[in-house]
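> Based on the sequences and whatever the hints tell you, model everything.
Below, each chain spelled out in residue letters.
2 protein chains.
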Amino acid sequence: MGNPTAAMLVIGDEILSGRTRDANMHHLAGELTGHGVDLKEVRVVSDDHAAIVSALNDLRRAWDVVFTSGGIGPTHDDITADAIADAFGLGIDVRDDARAILAAHYARSGTKLNPARLRMARIPDGATLIDNPVSAAPGFTVENVHVMAGVPAIFQAMVASVLPRIIGGAPVLSRSVRIERGEGDIAGPLSALAAAHPDLSLGSYPFQGPNGRYGSNVVLRGSDAQALQTAVDALLAAFPEARE
Amino acid sequence: MGNPTAAMLVIGDEILSGRTRDANMHHLAGELTGHGVDLKEVRVVSDDHAAIVSALNDLRRAWDVVFTSGGIGPTHDDITADAIADAFGLGIDVRDDARAILAAHYARSGTKLNPARLRMARIPDGATLIDNPVSAAPGFTVENVHVMAGVPAIFQAMVASVLPRIIGGAPVLSRSVRIERGEGDIAGPLSALAAAHPDLSLGSYPFQGPNGRYGSNVVLRGSDAQALQTAVDALLAAFPEARE
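Protein sequences, first through last, are from chains A and B.
The first sequence runs 26 to 269 under my numbering.
The second sequence runs 26 to 269 under my numbering.
FYI, nobody ran anything at the bench for these hints, they're computed from the structure.
Given the structure is predicted, the values throughout are model-derived calculations rather than measurements.
Where hints are given, some of them may not hold.
It does not matter which identical chain is used: a pair holds within one copy or between any two.
[Said to hold, decoys possible] Okay, derived cross-link-like pairs now, SDA-like style, lysine to any residue, Cα gap no bigger than 20 Å in a straight line: (1) 137 to 124; (2) 137 to 193; (3) 137 to 126; (4) 137 to 181; (5) 137 to 214.
Below, the structure is given as structure tokens:
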């Protein structure tokens with residue numbers, strides 16, 4: 026309750042066409058939950074300037090912090106940095122500090138810093154750089170928006186460097202109870218339990234066991250360990266076949 | 026090029042908390058691409074009435090067709106059907122045809138059709154039912170919105186029954202060329218190729234090979250097989266190390 030809120034903007038035709046299965050949303054969701062930040066909304070949009078600007082402006086105004094993924098590489102379809110600058114009404118150009126990072130990186134491998142690679146040094150005016158320990162090309166932060174790469178290894182490294190800068194709330198604790206009965210059998214008592222514990226979030230997720238019969242995983246979430254224990258005990262008492 | 030456009034709305038706290046990794050977006054994306062429908066946007070929102078109503082109204086007005094996933098089961102956190110009815114300004118109640126489907130299903134297994142299960146027969150006025158061959162409880166269609174279950178096996182079965190009703194455009198053809206060079210090396214020629222083929226979509230996706238060196242997968246998409254062939258030939262000619 027009162028935790029900071031977050032949103033994620035995933036940018037990429039390859040996700041929407043089904044070519045690539047996004048991995049970054051699931052990673053970020055887990056990291057934020059552990060850090061006490063509530064992920065409230067995710068949007069996936071195509072590599073389209075107007076679509077990125079519009080979604081970003083919605084999300085940065087609605088939630089405390091926004092993370093973007095994808096579209097900051099060297100090729101013609103990497104248009105995220107310019108779209109972010111536009112969304113904030115900022116200028117954008119190759120910046121000396123970013124250029125120096127790239128120049129040092131490519132000098133080490135004897136690779137030419139050509140005009141395409143130099144595009145990765147285009148940074149909106151006033152943005153703070155995000156370290157990229159994997160392939161050097163930096164992400165950046167503008168106000169409450171953190172702009173990161175889509176390659177999962179780089180995305181994860183950037184999340185790790187950004188998260189400590191964000192002040193999280195109480196980490197959400199989670200308990201899970203498995204009940205070998207279908208959701209239709211447990212819904213009544215579960216609803217009463219949810220009403221009795223407005224401080225907790227109770228979710229029910231069906232599964233089908235190897236015998237073909239349905240069961241339910243009930244997930245209880247909250248920041249108060251004692252309240253969680255009380256609710257778990259009540260659930261175990263209500264259903265003899267329940268196991269945590 | 027003139028294909029119908031689509032959006033997806035994923036509803037569920039379990040995705041946003043990181044507990045569950047969504048599988049339905051990737052499945053739907055692939056199915057739509059094969060059917061000649063362009064998926065343009067995906068949103069993930071929590072089990073919150075206002076959030077579902079607001080996102081659904083945005084998406085159904087912006088795109089030709091919308092698919093939702095999740096929140097139509099028997100438990101207290103399944104609030105999608107009521108939110109959809111609200112978004113359209115429709116009444117909602119247990120409907121006879123949906124009740125008959127559930128009654129027949131549970132009679133076969135000797136299970137009681139209790140009040141919780143009966144919630145799954147709540148259908149907005151005038152909606153068309155979507156068949157659920159897995160667990161009977163139907164999805165439904167209101168105007169351009171198809172409301173489906175979140176359990177992947179059920180979601181996939183519902184997509185299979187809804188897709189033939191949607192008139193798709195030309196299926197998007199896709200060719201993929203692997204080049205053992207980093208994106209920074211190919212970006213210049215690739216940008217020129219994209220400019221020469223405005224009818225095609227060219228995307229570049231970096232990968233890191235087992236030797237630690239970066240390579241690029243270039244994906245070319247379009248509905249004209251001959252135009253695709255011409256562009257693939259040009260790419261193979263430009264980079265001797267390229268392989269399709």
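> With reference to the structure, classify each hint as holding or not holding.
Outcome of the hint check:
no., hint, verdict
1, 137 to 124, "within (13 Å within a copy, 68 Å between copies)"
2, 137 to 193, "neither (41 Å within a copy, 45 Å between copies)"
3, 137 to 126, "within (13 Å within a copy, 67 Å between copies)"
4, 137 to 181, "neither (27 Å within a copy, 48 Å between copies)"
5, 137 to 214, "between (66 Å within a copy, 16 Å between copies)"
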